[in-house]
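Student: Sequence:
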Amino acid sequence: MEDVFTLANKNFHSRLIVGTGKYKNFLETANAVKASGAEMVTVAVRRVNIINKDQPLLMDFLNPKLITYLPNTAGCFTSEEALRTLRLAREIGDWKLVKLEVLADKKTLYPNMIETIKSTEVLVKEGFEVMVYCTDDPIIAKKLEDVGACAIMPLGAPIGSGLGIQNKINISLIKEQSSVPVIVDAGVGTASDATIAMELGCDAVLINTAIAEAKNPILMAESMKHAVIAGRKAFKAGRMQKRKYGSASSPKEDLIQ
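Each residue of the sequence shown is one higher than the one before, counting from 1 in this note's numbering.
Hint data in this document are derived by calculation from the structure and do not stem from the laboratory.
Among the hints, a few may not be true.
Capping the alpha-carbon separation at 27 Å, the derived lysine-lysine pairs in BS3-like fashion look like this [stated by the list, open to error]:
{"no.": "1", "residue 1": "K236", "residue 2": "K225"}
{"no.": "2", "residue 1": "K24", "residue 2": "K34"}
{"no.": "3", "residue 1": "K233", "residue 2": "K175"}
{"no.": "4", "residue 1": "K96", "residue 2": "K143"}
{"no.": "5", "residue 1": "K142", "residue 2": "K168"}
Pair by pair, the computed Cβ-Cβ distance ranges are [to be verified]:
{"no.": "6", "residue 1": "Y245", "residue 2": "N63", "range": "54 to 64 Å"}
{"no.": "7", "residue 1": "L57", "residue 2": "G238", "range": "40 to 50 Å"}
{"no.": "8", "residue 1": "S179", "residue 2": "K233", "range": "17 to 27 Å"}
{"no.": "9", "residue 1": "A8", "residue 2": "G201", "range": "11 to 21 Å"}
{"no.": "10", "residue 1": "N170", "residue 2": "K24", "range": "33 to 43 Å"}
{"no.": "11", "residue 1": "N25", "residue 2": "K242", "range": "40 to 50 Å"}
{"no.": "12", "residue 1": "I218", "residue 2": "H13", "range": "16 to 26 Å"}
{"no.": "13", "residue 1": "S249", "residue 2": "G93", "range": "17 to 27 Å"}
{"no.": "14", "residue 1": "K233", "residue 2": "K168", "range": "36 to 46 Å"}
{"no.": "15", "residue 1": "R239", "residue 2": "H13", "range": "19 to 29 Å"}
Glycine is no exception: its CB is placed at the ideal position from the N, C-alpha and C atoms.
Modelling step: build the complete structure from the supplied sequences, incorporating the hints.
Tutor: Right under this line is the structure:
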């Protein structure tokens, strides 16, 4: 059967979401997105040009009618900044599905969860469908779902670190308790990290830096595509039971004498 990923009542065939920042230019961005097979891209409203028609526009390279744009609040450190940014995005492109992130400091880029929860409540009341970047704390994740987040996006590791998923137990707990999609966001460094996220049962993975800063971004984008597919298939297949001791792969009965 077809394995679709449903988010805010819209179906996606790809479980890989990619960012549009840090590339050399919009052409490289578009080529990486194509290689990744992604059907959704995040757009940092404060950093990526989607307004100034005198400069290259992202929309000229990635048609918003063919790929879902996900405006995000990258670079926002207060609730007020984040709210203003997403309200602007709605005015520009009538975008209601958004990614919220409110950062605590410039060194760790960890989310400020007090400001994040407050912002989520306001945006949901204003009719936004809010995907929320958060810590890998199951209690906080549950709170975000309770106030109306349409997707929970726990970090695997700090943004742009490439360290991979540092706390698989917490990610598993968040997925186990959530009735909305869980998407690993931040920390993926290479294809195996994306596969692990999917093997944990996550619904999708969001990747930017690992692709954009690779020596060959297009090839890395393609590898992430296959990594996500492999991880998802492994999860659906159901892995073998772990054992403390060895177990012969051949039957013990009817041995040749």
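Student: Within 27 Å, alpha carbon to alpha carbon, are K24 and K34?
Tutor: Given pair K24, K34 holds - Cα atoms ~16 Å apart, limit 27 Å.
Student: Does the beta carbon distance between L57 and G238 stay inside 40 to 50 Å, or does it fall outside?
Tutor: holds (45 Å)
Student: Against the 27 Å threshold, does the CA-CA distance of K236 and K225 hold or violate the hint?
Tutor: holds (17 Å)
Student: Note whether the CB distance of N170 and K24 lies within 33 to 43 Å or breaks it.
Tutor: holds (35 Å)
Student: Indicate whether the distance between the beta carbons of S249 and G93 respects the range 17 to 27 Å.
Tutor: violated (55 Å)
Student: Assess, step by step, whether the Cα of K233 is no farther than 27 Å from the Cα of K175, and give holds or violated.
Tutor: Holds: K233 and K175 sit about 17 Å apart, inside 27 Å.
Student: Has the given pair, K96 with K143, been kept, meaning a C-alpha gap of at most 27 Å?
Tutor: holds (21 Å)
Student: Please check whether Y245 and N63 have a Cβ separation lying inside 54 to 64 Å.
Tutor: For N63 against Y245, whose Cβ atoms are near 56 Å apart, the range 54 to 64 Å holds.
Student: Are K233 and K168 spaced within 36 to 46 Å by their CB atoms?
Tutor: Check failed, 19 Å falls outside 36 to 46 Å.
Student: How does the Cβ-Cβ distance of N25 and K242 compare with 40 to 50 Å: does it lie in that range?
Tutor: holds (46 Å)
Student: Quick one: are R239 and H13 within 19 to 29 Å, going by C-beta?
Tutor: holds (24 Å)
Student: Confirm or reject the claim that S179 and K233 have a C-beta distance inside 17 to 27 Å.
Tutor: holds (23 Å)
Going down the numbered hints, you'll see the structure goes against 13 and 14, while the others check out.
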